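Q: What follows is each chain in one-letter form.
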Amino acid sequence: MLILKVNDTTHQVDVPGDMPLLWVLRDILKLTGTKFGCGIAQCGACTVHLDGKPVRSCVLPVQSVSGHEITTIEGVSEKPLARQVQRAWLDHEVAQCGYCQSGQIMSAVALLNDQAPVNDHAINLAMAGNLCRCATYTRIRAAIREVSESVGVWQP
Amino acid sequence: MAAMMDNQLKPGMTSRRRFLKASSAVLGGLVVGAWLPPLTPKSAAAEAVAQGKVSLGDSFSNGFGAFVRVGHDGRVSLISPKAEMGQGIQTGIAMMVAEELEVGLDQIDIQEAPPNAELYTDALLQFQATGGSTSTRYTWEPLRRAGASARMLLIRAAASVWEADPNLCHARDGKVFGPAGQKISYGDLVDLAATYSLPDDVPLKRPEDFRLIGTPATRLDTPTKVNGQAKFTIDLDMPDMLITSARACPVYGGKVRHVDDKAARSVPGVRDIVILEDVVAVTATNTWACFQGLKALNVEWDYGTNSKIDSAVVDQKLQDAIQRDGVIATEKGAIDASLQAANSKFEAVYVQPFLSHSPLEPMSCVAHVRDDGCDLWVGTQVPGFAQQTAAAVTGLKPEQVKVHNQWIGGAFGRRLDFDFITQAVRIASKVSYPVKLTWSREEDMTHDLYRPQYADRMTAAINDDGFPVGWQHRIAGGSIFARYVGSLPASGVDPDAVEVAVDPIYKLDSLKVHFIREEPEVVPVSWWRGVGVLRSTFAVECFVDELAHNAGIDPMAYRKTLLAHKPRVLAALNVLASKGAWDSPLPPGRGRGLAVGEVFGSVVVSMVELSAIGEKGVRIERLVTVVDCGLVINPTSVKAQMEGGTLFGLSAALFNEIDIKDGQVQQENFHAYRQLRISEAPPVEVHIVPSAEAPGGVGEAGTALIGPALLNAVNATFGDRVRRLPLVRSGYFIT
Chain A
1 MLILKVNDTT
11 HQVDVPGDMP
21 LLWVLRDILK
31 LTGTKFGCGI
41 AQCGACTVHL
51 DGKPVRSCVL
61 PVQSVSGHEI
71 TTIEGVSEKP
81 LARQVQRAWL
91 DHEVAQCGYC
101 QSGQIMSAVA
111 LLNDQAPVND
121 HAINLAMAGN
131 LCRCATYTRI
141 RAAIREVSES
151 VGVWQP
Chain B
1 MAAMMDNQLK
11 PGMTSRRRFL
21 KASSAVLGGL
31 VVGAWLPPLT
41 PKSAAAEAVA
51 QGKVSLGDSF
61 SNGFGAFVRV
71 GHDGRVSLIS
81 PKAEMGQGIQ
91 TGIAMMVAEE
101 LEVGLDQIDI
111 QEAPPNAELY
121 TDALLQFQAT
131 GGSTSTRYTW
141 EPLRRAGASA
151 RMLLIRAAAS
161 VWEADPNLCH
171 ARDGKVFGPA
181 GQKISYGDLV
191 DLAATYSLPD
201 DVPLKRPEDF
211 RLIGTPATRL
221 DTPTKVNGQA
231 KFTIDLDMPD
241 MLITSARACP
251 VYGGKVRHVD
261 DKAARSVPGV
271 RDIVILEDVV
281 AVTATNTWAC
291 FQGLKALNVE
301 WDYGTNSKID
311 SAVVDQKLQD
321 AIQRDGVIAT
331 EKGAIDASLQ
341 AANSKFEAVY
351 VQPFLSHSPL
361 EPMSCVAHVR
371 DDGCDLWVGT
381 QVPGFAQQTA
391 AAVTGLKPEQ
401 VKVHNQWIGG
411 AFGRRLDFDF
421 ITQAVRIASK
431 VSYPVKLTWS
441 REEDMTHDLY
451 RPQYADRMTA
461 AINDDGFPVG
471 WQHRIAGGSI
481 FARYVGSLPA
491 SGVDPDAVEV
501 AVDPIYKLDS
511 LKVHFIREEP
521 EVVPVSWWRG
531 VGVLRSTFAV
541 ECFVDELAHN
551 AGIDPMAYRK
561 TLLAHKPRVL
571 AALNVLASKG
581 AWDSPLPPGR
591 GRGLAVGEVF
601 GSVVVSMVEL
611 SAIGEKGVRI
621 ERLVTVVDCG
631 LVINPTSVKA
641 QMEGGTLFGL
651 SAALFNEIDI
661 KDGQVQQENF
671 HAYRQLRISE
681 APPVEVHIVP
691 SAEAPGGVGE
701 AGTALIGPAL
711 LNAVNATFGD
721 RVRRLPLVRS
731 GYFIT
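Chains as they are written, first to last, in my numbering: chain A, 1 to 156; chain B, 1 to 735.
Hints may be right or wrong, so weigh each one.
[As the list claims (entries may be wrong)] Simulated pairs of lysine to aspartate or glutamate, EDC-like, Cα-Cα distance not exceeding 16 Å: (1) LYS295/B / GLU74/A; (2) LYS79/A / ASP120/A; (3) LYS231/B / GLU74/A; (4) LYS30/A / ASP237/B; (5) LYS30/A / GLU277/B.
Everything labelled a hint here was simulated from the structure, so no lab data went into it.
The structure presented is a predicted model; accordingly, all values stated were derived computationally and were not measured.
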């Protein structure tokens, strides 16, 4: 039995220690907002927060994250900054198919959570690990910039 | 995509023959359906649907009309004949219905249409499908008509209650208002309205009266796509369901020879091993166990004859084919004489590679096969084919197969095919529980159906002014149409492969187009975003650009000379010249390229501006796209589609090519089949030309134009005429 703390709730899960966190979230805890895209940390669809930092859950053995704070798109949606990001995503009509957007938003929230200055270069660094096959990049950039400006961290 | 069945109705015929019918034989609601005349013998399922007697899925248990149903609570159910895969179509259709029905978008609930060829056949495609950028073009009339018909009946019902003249009543915001200030909501009128026959004459609003159409509307499907609540096929869970994943023979056409499953069975969570003729599959309690179980299967394959084929073989076959004449697709004027007489001729060969679709949601399908029926929960562009393939595999009747369509996590043409649905049903037929098929990315990329590799040879006769008198265009490659439909039309010409080529926008005195079918055999070929339009536009737009440069004439001015008969295209070119500052001087090391087309009922012009960084470094400075897509339903969606479509095409044009070695696809995941990332994605400037023409398609328009615009810009910047995609193949890199 492993102890997992996901979205402020503690779970006991009976899974092999090498099972990637992604599949524990999706198949065991039924938190399907975190997506499977590649399985090799190339696409970012599986991005979650580990102690507030963005990680690719598809390559993270679950035994390595026991005892850490894990936040998924379902949990982050309860937090004010994430809600602001989601609002900006809707205002800029970012999503097309929407499949990658959980991961995109998790990476964007992690960037903004840092409270470090944000500019186009910082957006590139924080978001380049998240593929969008619909190529909604222009709007992702605009949405992040808008939130950055409103929380006072935009520094071009 | 070209029309699928040339022996059936021509586009447009159905709109004249269409008639509307109201049915009161439903429970608790007004049902309005636009019935299409039968294209095929009536199936029992269609009969049941038409009579509203039988449910075809849980969400339809109250019976339904073809498109629109109004409930006692005043809410409107819209049965969408088009699948949502990110293009925003379901919101667009909702806007059409809401506009005519006089309700707010927030009063509309969207349901997915079940398979039903009679009700949901797209007259442009001639089958029930979402693809070919036809969705807005096709639904534009019948969906508005369905909304308007319902409004007229509701007004008539209110007028009857008030004993007033219906002509003095009007509807707004889900209510009818009477001449003496009365008002009554739709929900209170549905029982009475449902007793009326539908009006024969259904006038539609004039564009100047539109309140919703043409305004930027927020999509109805996006709120749950930003908080993780949206469910795609891969997210579904059913009682007693297990996960399954499959590995097909690495060589297309190969078979399973022997399987040692001992190690796989010892993986915790693995339940069953399913061995099919060409596929091995594992079922398990979770996806990870499933993937581990599959890896642990020791499979001996009979690779078959395709294992001798490499990319070089396919390449050589195409190079040989393009020297032949094949079948003549069209011939206008006397190109042979023109070529013989011409003082100047020019010839070039262009090559486009195999491409994978690689949507971010890998192929997935939930299937439950029982003795008395089959349920499929799957995002599909072709619900009718999904039903038919399940019936064929199981021996059930089509009406025993229920298809519950789902939102699609990217398709780009991939889910116009149903190979993965067939596979899910084959696996589900061997077990007693529902299974959710989830392919690994590796399976998805190596068992795609690929956009074919093509070669185009173009030969022009040039007049003394440097303009083409005409040209000969040879197209060689596999036939998607023949693979999809089963055979080529009697003409022997693939109508998709020669689209655009047989009717180029330029004024030519003579034209001859040849289709030379050369099947790659080693991989199956299929539709890819942009379809035949993208295919031929690439060759034609690169070729015209070469002719302009050979003549020493500015490529914009050169095109305009050949487009004097196309005022709409000229207007779009002028917008681009202005917004893209086409004539402004450029510093050394910079260049601009252009491509133009009439595609999917829209006019599109794209411009790429590049900087040279060293000898082979490419920096994209600007992407500008001008679109005249006729009357715009939702400008936000048009812009989003043009932006995304352009970058989707750019990504492929820069980077993508599927290689084959020993009959096996070499690219397995995104590290080897790289995609444009945000750090490499320039902004796309989209300019919409105001237009009152009928709506055109935009889902594939941007994709179709960006490839040639990119290569034309490379030539302008580097003085290097690249004639083969992707660009990185010629040693360039993005910086």
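Q: Determine for every hint whether it applies to the structure shown.
A: Hints versus structure:
A distance of roughly 31 Å separates the Cα atoms of LYS295/B and GLU74/A; the hinted pair therefore is violated under the 16 Å criterion. Taking the CA atoms of LYS79/A and ASP120/A, the gap is about 24 Å. The hint is violated against a cut of 16 Å. Taken as a hint, the LYS231/B and GLU74/A pair is honoured in the structure, with Cα atoms around 13 Å apart against an allowance of 16 Å. With a CA separation close to 9 Å, the supplied pair LYS30/A and ASP237/B stays within the 16 Å bound.
A C-alpha spacing of about 33 Å is found between LYS30/A and GLU277/B, which places the hinted pair above 16 Å, so the restraint is violated.
Figure legend: structure checked against the earlier numbered hints; hints not met, in rising order: 1, 2 and 5.
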